[in-house]
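Starting from the known structure of chain A, arrange chain B on it as the hints suggest.
Number of protein chains: 2
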Amino acid sequence: MDTRTYDIEGFHDELVAYGLIVPTGIKGAYGRGPVFEDILRRFDALVVREAAPDNAQELTFPPIVARRMIEELGYLDNFPQLAGSIHSFMGDDRQARQLSERVQAGQRWEDLLAPTDVMLTPAACYPVYPTFSGLLPDSGRLVTVMNWVFRHEPSDEPTRLQHFRMREYIRVGSPQEVQAWRDAWLERGLDLLRRLKLPVQSDLASDPFFGRAGRMMAASQVDQRLKFEILCPVISREKPTAICSFNWHQEHFTSTFGIRQRDGALAHTACLGFGLERVTLALIKTHGFDPADWPAQVRELLWP
Amino acid sequence: MDTRTYDIEGFHDELVAYGLIVPTGIKGAYGRGPVFEDILRRFDALVVREAAPDNAQELTFPPIVARRMIEELGYLDNFPQLAGSIHSFMGDDRQARQLSERVQAGQRWEDLLAPTDVMLTPAACYPVYPTFSGLLPDSGRLVTVMNWVFRHEPSDEPTRLQHFRMREYIRVGSPQEVQAWRDAWLERGLDLLRRLKLPVQSDLASDPFFGRAGRMMAASQVDQRLKFEILCPVISREKPTAICSFNWHQEHFTSTFGIRQRDGALAHTACLGFGLERVTLALIKTHGFDPADWPAQVRELLWP
Chain A
1 MDTRTYDIEG FHDELVAYGL IVPTGIKGAY GRGPVFEDIL RRFDALVVRE AAPDNAQELT
61 FPPIVARRMI EELGYLDNFP QLAGSIHSFM GDDRQARQLS ERVQAGQRWE DLLAPTDVML
121 TPAACYPVYP TFSGLLPDSG RLVTVMNWVF RHEPSDEPTR LQHFRMREYI RVGSPQEVQA
181 WRDAWLERGL DLLRRLKLPV QSDLASDPFF GRAGRMMAAS QVDQRLKFEI LCPVISREKP
241 TAICSFNWHQ EHFTSTFGIR QRDGALAHTA CLGFGLERVT LALIKTHGFD PADWPAQVRE
301 LLWP
Chain B
1 MDTRTYDIEG FHDELVAYGL IVPTGIKGAY GRGPVFEDIL RRFDALVVRE AAPDNAQELT
61 FPPIVARRMI EELGYLDNFP QLAGSIHSFM GDDRQARQLS ERVQAGQRWE DLLAPTDVML
121 TPAACYPVYP TFSGLLPDSG RLVTVMNWVF RHEPSDEPTR LQHFRMREYI RVGSPQEVQA
181 WRDAWLERGL DLLRRLKLPV QSDLASDPFF GRAGRMMAAS QVDQRLKFEI LCPVISREKP
241 TAICSFNWHQ EHFTSTFGIR QRDGALAHTA CLGFGLERVT LALIKTHGFD PADWPAQVRE
301 LLWP
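Protein chains in written order, with the numbering used here: chain A, 1 to 304; chain B, 1 to 304.
Some hints could be false.
Residues on chain B that point at chain A, a partial pick, calculated with CB under 10 Å [as the list claims (entries may be wrong)]:
| # | residue |
| --- | --- |
| 1 | Y30 |
| 2 | S100 |
| 3 | A114 |
| 4 | S139 |
| 5 | L142 |
| 6 | F210 |
| 7 | L302 |
Counterexamples of contact, computed for chain A against chain B with all Cβ distances above 12 Å [what the hints assert, rightly or not]:
| # | residue |
| --- | --- |
| 8 | V222 |
| 9 | S255 |
| 10 | P291 |
Simulated from the structure, these hints should not be mistaken for lab results.
All residues carry an ideal CB built from backbone N, CA and C; glycine is no exception.
So that you can see chain A by itself, here it is in the shape it has in the complex (with noise of 0.2 Å):
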């Protein structure tokens, strides 16, 4: 029985006493200290470890995306509440200087900027898609990718953040070996995170569609099936925090970007993630605010 003590305030102020996390005065982007980067490193780490044997390919993309692929993939449809565009100031010497009066007297000047071509990545998989387009070898393909990953909703709460880091993994292939995949990783991620000592549990989820045309595309979500999220009490007993999805998109991106397998028929594509700050903070809450307190079963995973 879980018998710890919830308490949102109390778990922060903790984290910034232990130098876990530095406050910034923005909601949702603390610094994260020299030993919470290193738990985080160590877990990501741990998981590549758990994966190598599926030879993932590893991509490398900067946390912005371009704007045309996250209107032509309907995320304003759905998430609009959620996206980060990118504007500039693209002006001359003396709209510059207007810019410059604006913000010294404390106005608003957001109308002297113009949106870029790029917008922030939303989810650590979108720019792989893309990557995928044309023709698939046999058996699809297995890519892994490690970003930061933007959501505007400004929290105090340690585990809803602005900018955070996922570990992806997006399998591309039939709907079979999609669906496969998806389900065994869901078994791989619930072993890993019990032999780190978490108290996790997986239940079927749905992504926060907006408005009310969204709560009918969540109840769908949900029958399909399509979305598991695994999930640990970290700020709450009653509400575990999600800390790791998996997701199965059957042909929402091959569609878009004309990914077909070598019968010429629309690929499938899913993916999984862990939430490192989440996973991180999980940890802590579950095994205490000093690494070298926690059990020798965990230290042995994520310092080897």
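Coordinates of chain B only, in the frame set by chain A:
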């Protein structure tokens, strides 16, 4: 004598052919393949090993900073053309439908967004300065960060990226301490890069201040010897690329954040930054597209 040929488009295409970079359709935001990323991480680790005796504190920040900080520090007076401002949708169901319709009709939709509290980090050191606030310990402080940095200057030239990584060291202390530290690191940086057999040299430099007023700022910066760069030919023999920079800010940051020495006088700051993608590209240009063929001395330093 440098007898290599320089051909920007050819260099880009060879990087793609060797799988070192992966086109994304965005200017200055290509993906990094596994070999490129391995070189980059190993160079970063080498810098960290070289600097280990200095006992810098390592902090990790997300690649976003407070909008207010950018405003207060005068970044929009000096470099408005480079800034990246993050805007999000904060409307209701009706406005969300409008947004969807505009996107689907290929119309502009930025006026349906509002500025968030955050902007993209313009230099990896920015989030560090507020953490120095108050009275400094004797002999000041030293912090290191590695982060993604945004500059709105879309380009097809492989060394000019919109989003790239800097490994920075940031020193705060008395004017004498800070200047001596900066001067010593200029020599250490040159020595380190020369052990990697890069044909580097250092030079006085200035920041890309905007517009007509900016030209005077840049001239004054050179007069005061505030900025040095280490340069290496990567895409041109005549215009070598800055791969490392050393900046003495005097009281620019400490006056904004009230950072004082023990005697109450304003402290000074300086920083140095290695442009990790640029060093990686300099190594590739100098030693070849396959690291297996690089000189033994270089390999021993990077793959110890």
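Hint by hint, here is what the structure shows:
1. The interface hint given for Y30 (chain B) is met, as the beta carbon of that residue sits about 8 Å from the closest beta carbon of chain A, less than 10 Å.
2. For the restraint placing S100 (chain B) at the interface with chain A, the shortest Cβ-Cβ distance is roughly 5 Å, inside the 10 Å limit, so the hint holds.
3. For the restraint placing A114 (chain B) at the interface with chain A, the shortest Cβ-Cβ distance is roughly 8 Å, inside the 10 Å limit, so the hint holds.
4. A hinted interface residue such as S139 (chain B) counts as satisfied when its beta carbon comes closer than 10 Å to some beta carbon of chain A; here the least separation is about 20 Å, so the hint is violated.
5. A least Cβ separation of about 13 Å between L142 (chain B) and chain A goes past the 10 Å threshold, and the interface hint is therefore violated.
6. Because the smallest distance between the Cβ of F210 (chain B) and any Cβ of chain A comes to about 6 Å, under 10 Å, the interface hint for this residue holds.
7. Below 10 Å, beta-carbon pairs count as interface contacts, and L302 (chain B) has none with chain A, the closest being about 17 Å; its hint is therefore violated.
8. Under the 12 Å C-beta cut-off, the non-interface status given to V222 (chain A) relative to chain B holds; the minimum distance is some 21 Å.
9. Every C-beta of chain B lies more than 12 Å from that of S255 (chain A), the closest at about 16 Å, which supports listing it as non-interface.
10. P291 (chain A), annotated as away from the interface, keeps every beta carbon of chain B farther than 12 Å; the closest lies near 16 Å.
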